[in-house]
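**Student:** Sequence:
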Amino acid sequence: MKVLSTFADLVDSKEAVVALGVLSAASACVFVSALLFMSLSPHF
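Sequential numbering of the sequence shown, starting at 1, is according to full-length UniProt numbering.
Careful: at least some of the hints might be erroneous.
Have a look at the derived ranges for each label pair, beta carbon to beta carbon [stated by the list, open to error]: (1) K2 - V22: 23 to 29 Å; (2) T6 - L40: 41 to 47 Å; (3) L23 - K2: 23 to 29 Å.
Everything labelled a hint here was simulated from the structure, so no lab data went into it.
Cβ coordinates follow ideal geometry from the N, Cα and C atoms, glycine included.
Required output: the full structure, derived from the provided sequences and hints.
**Tutor:** Here is the structure:
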């Protein structure tokens with residue numbers, strides 16, 4: 001129950017949502033660029 005209430009507090013705060021969005025966007029960019037690099041380079 002304590003974990004759920006803490007999670008709700010995190011979701012309510014705007015900074016946590018913004019940080020989560022930035023983090024997921026950054027990881028998505030890294031994943032896509034790595035995928036492009038592997039598909040474009042003939043060594044792999």
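**Student:** Each hint: holds or not?
**Tutor:** Hint check:
no.	hint	result
1	K2 - V22: 23 to 29 Å	27 Å, holds
2	T6 - L40: 41 to 47 Å	44 Å, holds
3	L23 - K2: 23 to 29 Å	24 Å, holds
The structure meets every hint from the earlier list without exception.
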